[in-house]
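Visitor: Okay, here's what each chain looks like letter by letter:
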Amino acid sequence: MAAKKLNIKEKYRLLTRDLDWEFSYEDRNKAFPFEEFEGIKITDWSKWEDPFRLTMDAYWKYQAEKEKKLYAIFDAFAQNDGHLNVSDPRYVNAVKLFLTGVSPLEYQAYQGFAHVGRQFGGVGARVACQMQSLDELRHVQTQIHAMSHYNKFFDGLQEYSHMHDRVWYLSVPKSFFNDARSAGPFEFMIAIGFSFEYVLTNLLFVPFMSGAAHNGDMATVTFGFSAQSDEARHMTLGLEIIKFLLEQHEDNVPVVQKWIDKWFWRGSRLLTIVSMMMDYMLPNKVMSWKEAWEVYFEEAGGALFKDLARYGIRMPKYADVIEKEKEHISHQAWWTFYTHGHAAGFHTWIPTDEELDWLSAKYPDTFDKYYRPRWELAKEMEAKGERFYTSGLPQLCQTCQIPMLFTEMDDPTQIAYRDCVHNGERYHFCSDGCKDIFEEEPEKFVQSWLPVHQIFQGNCGGPGVEDILRDYYRMNVGADNMDMKGSPDELRWKKWKGVA
Amino acid sequence: MTIEIKTATLEPVRNTFAHIERRFGDKPATRYQEATYDVQSEVNFHYRPLWQPELELTDTRRTAIKMADWYAFRDPRQFYYGAYVQARAKMQEVAENNYAFFEKRGLAERMPEEAKQKVIRCLLPLRHVEHAANLNNMYGSAYGNGTAITQALLFDGMDRLGIAQYVSRIGLLLDGNTGDALSEARSYWMSDPLWQGVRRYLEKTLVTEDWFEVFIAQDVVLDSLIYNLIYEQFDAKLAQQDGQDLGMLTEFMQVWFKDASRWVDAVLKTAAAESDENRLQLEQWISHWRGQAEEALSLVAHEAVEEGALQVAREALDKRLSKAGLFK
Amino acid sequence: MSKVYIALQDNEESRFIVEAIEEDNPDSTVIHMPAMVRVEREGRLVVRRETVEEKMGRDWDVQELHVNLITLGGNVEEDDDALSLHWNE
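Protein chains in written order, with our numbering: chain S, 1 to 500; chain X, 1 to 328; chain R, 1 to 89.
It is worth saying that the hints were derived from the structure and are not from the lab. Source: prediction; values computed, not measured. Careful: at least some of the hints might be erroneous.
To be verified - Okay, derived cross-link-like pairs now, DSBU-like style, lysine-lysine, Cα gap no bigger than 35 Å in a straight line:
hint	chain 1	residue 1	chain 2	residue 2
1	X	66	X	237
2	S	384	S	494
3	S	317	R	3
4	S	5	X	90
5	S	243	S	317
6	X	258	S	9
7	S	5	X	118
8	X	204	S	30
9	X	118	S	11
10	X	66	S	444
11	R	55	S	258
12	S	11	X	116
13	S	9	X	118
14	R	55	S	9
15	S	494	X	27
16	X	27	S	152
17	X	104	X	204
18	S	4	X	66
19	R	3	S	258
20	S	68	X	116
21	X	116	S	4
22	S	9	X	104
23	S	444	X	204
24	R	55	S	384
25	S	243	X	104
26	X	27	S	497
27	S	379	S	285
28	R	55	S	317
29	S	30	S	444
30	X	118	S	4
31	S	362	S	444
32	R	55	X	90
As the list claims (entries may be wrong) - Facing chain S, a subset of chain X residues (Cβ under 10 Å, in silico):
hint	residue
33	17
34	19
35	21
36	28
37	46
38	108
39	142
40	153
Note that the Cβ used here is the ideal one computed from N, Cα and C, for glycine as well.
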């Protein structure tokens, strides 16, 4: 008897979708208890379309192939002192920000997808989430391994995990993922699976990693692109989940739209850090933040929202504000870190004249008018031996936790402040977007662990800022941070390169 | 001379990350160590989960087991992601060759009808058991504490999905890809009295809250008994009835169980050695679930192997427990 | 009409895949960037197993694409013979 040939869809159905069963002895809702409280209506999980039909044997095979290639490069990188090939030692500060700010998010993604990968009642969606959970663990671990070599030769990476749980600017990415994970399983999928993975991680992993290649960092570009090869699966999962929710019940549409509005705003705030990495921290430039935003958000995201329009989904709220922000946020963020350079976990610097010219060319409408004069002033002060550091602690937005550094987009000289009163307490925000998010879920956002508030409440040691940086953050003040000029990183680099 | 200068100036500033140095001293660390220890967030969680507002996002109170250091659960296999997938890729390559050989040589047709029927009734329903095991291990991975144990639970969970898929493929090999064997096995799983005890047991594990208890019920108790009964005893019995070719298709499961047991035993031993309180809790859970499992499996053991088979499996389990320092 | 796109790591295997895509998708645009190559096309783009096999001179499984894939945009359909991307408008 000749065996019938099974196509991939049929085979996948038998090997995965057919494994689950209807309970007879326990209440199935108790095994999957979190599916109803968000108000999402699922009428039929069997309508779920599997984004990729990857069985575990194929998963092991292809992933092992990727890992083998990746670790061969890590080994070669370490054996050949690959850190000496980067374009400029300033570049390594982007790697520090990545390990302290981004890699722990991959860990949270692993945790979040393990949670939904256990909780969804539909086996197809569950298994796709489980594979993503496993991939995310891969990403954090390969990142640690890639950066392990840099840690041996540069300051500021050694306490990445301790710092991620405590440091003021790292609470921005941490709270973003805490927010998604503490939400219900469907909101988590719209937040991370759809908004973050489908649109926003491209901005981090594609142009930035291409930038790493352009700056001679073989280890980072290799893990970056190797991680992205999983990302294509994740993006498709994100798109499938949103289509599934919208097709299951019309009542889901407004709920999903509300989440899209929230998470695109939250995501664009989070990416402020990436904007500054692209425009200021990559010595060899690939494209400006603005250009990357246009390709990956406006063009790709625009196509996506046109596709979703048939369900009654519109562009995220404040898309018009977000569009204006691409001209400004990288400059506003780097200036903030430059002036708080004593409290950061990495080095800051004034862009070189050549870099200032590049920024002027890339941002013809804003850079010369609003931002270049600041740097010219900073240069003058530095030349006089008066490198500027601000002494105050910044006020943080209750929602995104970024210091109040953003301006009104129609008046870039005016810092934007919003506030509201909830249960007799006043809360402060950087924008209408963040204020809206708070007002939608005040019980959640009053809980924010705001690093500056915590310092003032005496929960982070002290009494002085330097005590907090040294003892609570475990920063090696003066080595891990302050200006790049004169730093131990710079001195070692010069010694390695044999320049005075 | 120049070489000397070069090596002197390229001396690393430090050997590893600070948290690894605090645990293991100032020396180069292994990839397992750097990928595992202290990677998970520990403090300053921002919001309570809407789905469990009485606890933090990561919270040690999700189990009755108490550990001074949750990273004590070192995986003896030292699996981080890369090591894990490469180990499994090797196993799947062997399995792939076995399955291809079985199909190409038409070994299904050589298998006596009676043996085939036995496989459909006694082995194929295990794809559903593996599916529950997938969920139960994901549960521990999602709600457990410390990367050392949560990553190993994730690997185990994914292994179980893989095994469910291999078991399903056995069905497809037997029925020539029609899916008939799988639907027959499903009906045994759903309504044959033979399997109802096991199904009841697993449904109970899926609504059990304490993740460590779920690990005990699934990975320690039930797996020990089932893997011994089916992949050892049933396999041997089938070989006597001219069904020895099945062994090519279950080799993966046998090799896997040996590998996973090494880790499960280490977890058990570490948790028991931590305190008397832990040890008593483990013994109480094990006694409870072992009683349930024996009852659930009595018909399966009898049908798949023979009278007394369950006793053999039980002895194998008890031996493992005793090696872990339990029921002394 | 919006553009769908696919980006691959710039390596030997990808070169064959990109060649196959170009052959099967007239009017597609290939953009080279550091370490990556991006192909975009209005509306629809397909990667066909047969064409890739022809270019590579060996059997090729559509799922092997994932080894070199960096990112993509569009709704995905994958079966034994092809992976395709499209937007519904």
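Visitor: Does each hint hold? Answer for all of them.
Guide: Hint check results:
1. X:66 / X:237: Violated, because 43 Å separates the two Cα atoms, which is more than 35 Å.
2. S:384 / S:494: Roughly 24 Å separates the two Cα atoms, so the pair holds.
3. S:317 / R:3: Cα-Cα ~23 Å, so holds.
4. S:5 / X:90: Roughly 26 Å separates the two Cα atoms, so the pair holds.
5. S:243 / S:317: Distance ~19 Å between residue 243 of chain S and residue 317 of chain S Cα, so the pair holds.
6. X:258 / S:9: It holds: about 33 Å lies between the C-alpha atoms, which stays within 35 Å.
7. S:5 / X:118: This hinted pair holds, its Cα atoms lying about 25 Å apart.
8. X:204 / S:30: 10 Å, holds
9. X:118 / S:11: Holds: residue 118 of chain X and residue 11 of chain S sit about 23 Å apart, inside 35 Å.
10. X:66 / S:444: Within the cut-off at roughly 29 Å; holds.
11. R:55 / S:258: 47 Å, violated
12. S:11 / X:116: 21 Å, holds
13. S:9 / X:118: 29 Å, holds
14. R:55 / S:9: 26 Å, holds
15. S:494 / X:27: Roughly 26 Å between the alpha carbons, so the hint for residue 494 of chain S and residue 27 of chain X holds.
16. X:27 / S:152: 11 Å, holds
17. X:104 / X:204: 41 Å, violated
18. S:4 / X:66: 53 Å, violated
19. R:3 / S:258: 27 Å, holds
20. S:68 / X:116: This hinted pair is violated, its Cα atoms lying about 40 Å apart.
21. X:116 / S:4: Status holds; Cα separation ~19 Å.
22. S:9 / X:104: Roughly 23 Å separates the two Cα atoms, so the pair holds.
23. S:444 / X:204: 33 Å, holds
24. R:55 / S:384: Answer violated: residue 55 of chain R to residue 384 of chain S is near 63 Å, above 35 Å.
25. S:243 / X:104: With Cα atoms ~41 Å apart, residue 243 of chain S and residue 104 of chain X exceed 35 Å; violated.
26. X:27 / S:497: Distance of about 26 Å is within 35 Å: holds.
27. S:379 / S:285: 22 Å, holds
28. R:55 / S:317: 46 Å, violated
29. S:30 / S:444: Between residue 30 of chain S and residue 444 of chain S the Cα gap is close to 25 Å, so the pair holds against 35 Å.
30. X:118 / S:4: Distance ~23 Å between residue 118 of chain X and residue 4 of chain S Cα, so the pair holds.
31. S:362 / S:444: At roughly 40 Å apart (the allowed maximum being 35 Å), residue 444 of chain S and residue 362 of chain S break the hint.
32. R:55 / X:90: Holds, because 29 Å separates the two Cα atoms, which is no more than 35 Å.
33. 17: 5 Å, holds
34. 19: 6 Å, holds
35. 21: Nearest chain S Cβ about 8 Å off; hint holds.
36. 28: Status holds, d = 9 Å.
37. 46: 4 Å, holds
38. 108: With a closest approach of 9 Å, the residue 108 of chain X hint holds.
39. 142: 4 Å, holds
40. 153: With a closest approach of 9 Å, the residue 153 of chain X hint holds.
Figure legend: structure checked against the earlier numbered hints; hints not met, in rising order: 1, 11, 17, 18, 20, 24, 25, 28 and 31.
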